[in-house]
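There are 2 protein chains.
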Amino acid sequence: MAEIILPITSVVIFGSGNVATHLGKAFAQTGITIQQVYSRNQAHANELANTTHSVAITEPGKADTNADLWIISVSDDAIKKIIDHLPPYDGIVVHTAGSVAMETLSQFQHFGVFYPFQTLSKEREINHNDLPLLVEGSDPSTTQRLLNLASQISNKVTIADSGLRATLHIAAVLSCNFVNHLYTLSADLLGKNNISFDFLMPLIKETTQKILSMPPADAQTGPAIRNDQSVIEKHLIRLSDNPSLKKIYDLMSKSIIQYHNKQ
Amino acid sequence: MAEIILPITSVVIFGSGNVATHLGKAFAQTGITIQQVYSRNQAHANELANTTHSVAITEPGKADTNADLWIISVSDDAIKKIIDHLPPYDGIVVHTAGSVAMETLSQFQHFGVFYPFQTLSKEREINHNDLPLLVEGSDPSTTQRLLNLASQISNKVTIADSGLRATLHIAAVLSCNFVNHLYTLSADLLGKNNISFDFLMPLIKETTQKILSMPPADAQTGPAIRNDQSVIEKHLIRLSDNPSLKKIYDLMSKSIIQYHNKQ
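So the protein sequences, as listed, match chains A and B. Numbered as in my numbering, the first sequence ends at 453 without a single skipped number. Numbered as in my numbering, the second sequence ends at 453 without a single skipped number.
Be aware that one or more of the hints could be misleading.
If chains are identical, the list can't say which one is meant, so a pair holds when it fits in one copy or spans any two.
As the list claims (entries may be wrong) - Restricting the straight-line Cα-Cα distance to at most 16 Å, the calculated cross-link-like pairs of lysine to aspartate or glutamate (EDC-like) are:
1) Lys395 x Asp320
2) Lys437 x Glu423
3) Lys252 x Asp274
4) Lys312 x Asp408
5) Lys346 x Asp258
6) Lys346 x Asp408
7) Lys215 x Glu315
No lab work stands behind these hints, which were simulated from the structure alone.
Could you build the full structure based on these sequences and the hints that come with them?
Written as structure tokens, this is what we have:
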């Protein structure tokens, strides 16, 4: 006889940051009950609890053991501190981190990972249907329950083990976090010269558009891929008053030259 | 009496690379006559000459002095080599480089810069109406003639002196060339682990979308801005077999931490 897979209908959220906030809202919007929101900080707990029609708690020990799922969505270092203070529980416990092994939660009977593969800021709304979710469960029934829950809020759900998740997390840091920092450094450089960042938008848009139709290695342009040392030298001299950016410019240019000469 | 500003109706293009090709096609599409295309390499000269209904030449000395404009669109180092072999000319001579001073062309009577502020690859079509063009002329009438020509092919034309152009060029290297290289390194990392680069596309799209509605510094997410040393350490260990990428990861993470702690 096939095992009956019960739906997850109620959750407790630990955390009140970007990921906790977006997941909480997505659950609330799809009819999942948020029983409680935990944060060390009462005001933060209240804020997300209010948005999700939930109850704020500031002690992990008060977590509702009747909820189907506990979602721990805090910084990687804080996960251990929270699980040490949780009561015994026979539901599912997951974390939302890209680079933390699922086994960190192995003290629980059922555990897993529920990792949103997206850049989430509280201030920016997203359409949760397009939110890529990578899930993993400690046993087939847990995996299936997490998959079913994920599919309720998103059309982009994938099963991913810890190895796959860690590799994707590094790629996300490169392609999103570092890319955004380069935008920040550019905005800073232009700002110091009283030039609007908007000037860069057609270029930034086309850089992203290009890789929809060609591999990024083929889309590369600029002084480094031409090994145009005269331009690179000029730019390094102009960046003399900004040693940190100069170092990034130098290292990235050398990496481009090295990468494309090896091919 | 106001000076009569004559339109530019005929050009000679020196170069057959990405910029020369896109400008040549844009001119041909808007009814500007391409008299000649110069390249040292006969096949390259033929290719662009055929596309633009033009004549291929392989010696700068054979440049048509009856054309209104000569456009030198070659690598920065090659510009000097070409102008040393050009015949006397009373038309306008421009280059298309972001980081070469206009005065490089001061041996001519009228000179300037015609710099497309975009990532251009031969293999990818663009809509020239959206192509940002930065122009500069050696005298008011030259500037006006270049502005008029630029406005014939694009709606995004700006006058930019050499200082503004150089700053924008550095910002373009950061926000386009380095960004694309990070995409390349990500694709490489995923490819080695048999993961499709397509996995990253929702994240890459959202990273770009976010900065349309918020300053990039506010859009920053990821382990470095949280100063999550535990994740950073794990990623650096996973990158041990790729010292060049590991160095980039380390430097960029430190730059993010430093930038956001200073604010």
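Hint check:
| no. | hint | result |
| --- | --- | --- |
| 1 | Lys395 x Asp320 | between (20 Å within a copy, 11 Å between copies) |
| 2 | Lys437 x Glu423 | within (13 Å within a copy, 21 Å between copies) |
| 3 | Lys252 x Asp274 | within (13 Å within a copy, 81 Å between copies) |
| 4 | Lys312 x Asp408 | between (35 Å within a copy, 10 Å between copies) |
| 5 | Lys346 x Asp258 | neither (23 Å within a copy, 56 Å between copies) |
| 6 | Lys346 x Asp408 | neither (28 Å within a copy, 26 Å between copies) |
| 7 | Lys215 x Glu315 | within (10 Å within a copy, 41 Å between copies) |
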